[in-house]
Amino acid sequence: MKNFKVSVYIVMLILTLMLTGCASNDITPTIYKTMYIAGSGYDTGMKTVASLQKQGIISTEQRLVINEYANKFYAPYQIAAKSLSVYNKTKDKDVYNQLTIAITEFIGAWSMFADSVNRFQPGLLGTDLPKIE
Amino acid sequence: METVTITLITQILALAAQYGIPLVLNSLKALNKEEITQEDIDALKELIKPPEDY
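Protein sequences appear in the order of chains G and U. Straight run, no breaks: the first sequence in my numbering ends on number 133. Straight run, no breaks: the second sequence in my numbering ends on number 1054.
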């Protein structure tokens, strides 16, 4: 059911991005804000994880599992950040497509990452990122 | 006051208590920006570090 929800969300996101892309040339501020929220949430989550590990609440093995989920978010986030930077300068369609794919990937990875952190600090991170509208 | 507004304020206060007022203020400032500059966008890359670096 959760996977279904994520899939529906991703499809809606892509459609929204496509529609907004057609309607307006400047979706950059909306993407920026979504990425800022996502990045701040990731940073908060990882700082909390590091702190909990120092206190002995999270073991090395558990940290490795969290890092695995975190990397699945981190990698596409960085691609999206680079793509957004280039897209803002060039408005290139291919870069925009790459940006859309990267955003879809990091949003898809977010809930697993948030769950892995919330397991040790319940309720710290929301399991859904804000929609791009 | 609407329930949603109260929930939002409560969450903001909880974040401020846990992570400090500057972080919350910076986040609100970023979200309120009307004009996003190239520098703002470039800064997104530095906003987060690889998991191993935390």
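Note that these hints are calculated values from the structure, not bench results. Each hint should be verified, as a subset may be incorrect.
[As the list claims (entries may be wrong)] With a straight-line cut-off of 30 angstroms between C-alpha atoms, the simulated DSS-like cross-links for lysine-lysine are: (1) 54/G <-> 1045/U; (2) 54/G <-> 1033/U; (3) 72/G <-> 89/G.
Each hint tested on the structure:
1. 54/G <-> 1045/U: holds, 26 angstroms
2. 54/G <-> 1033/U: violated, 36 angstroms
3. 72/G <-> 89/G: holds, 27 angstroms
Hint compliance for this structure: hint 2 alone is broken.
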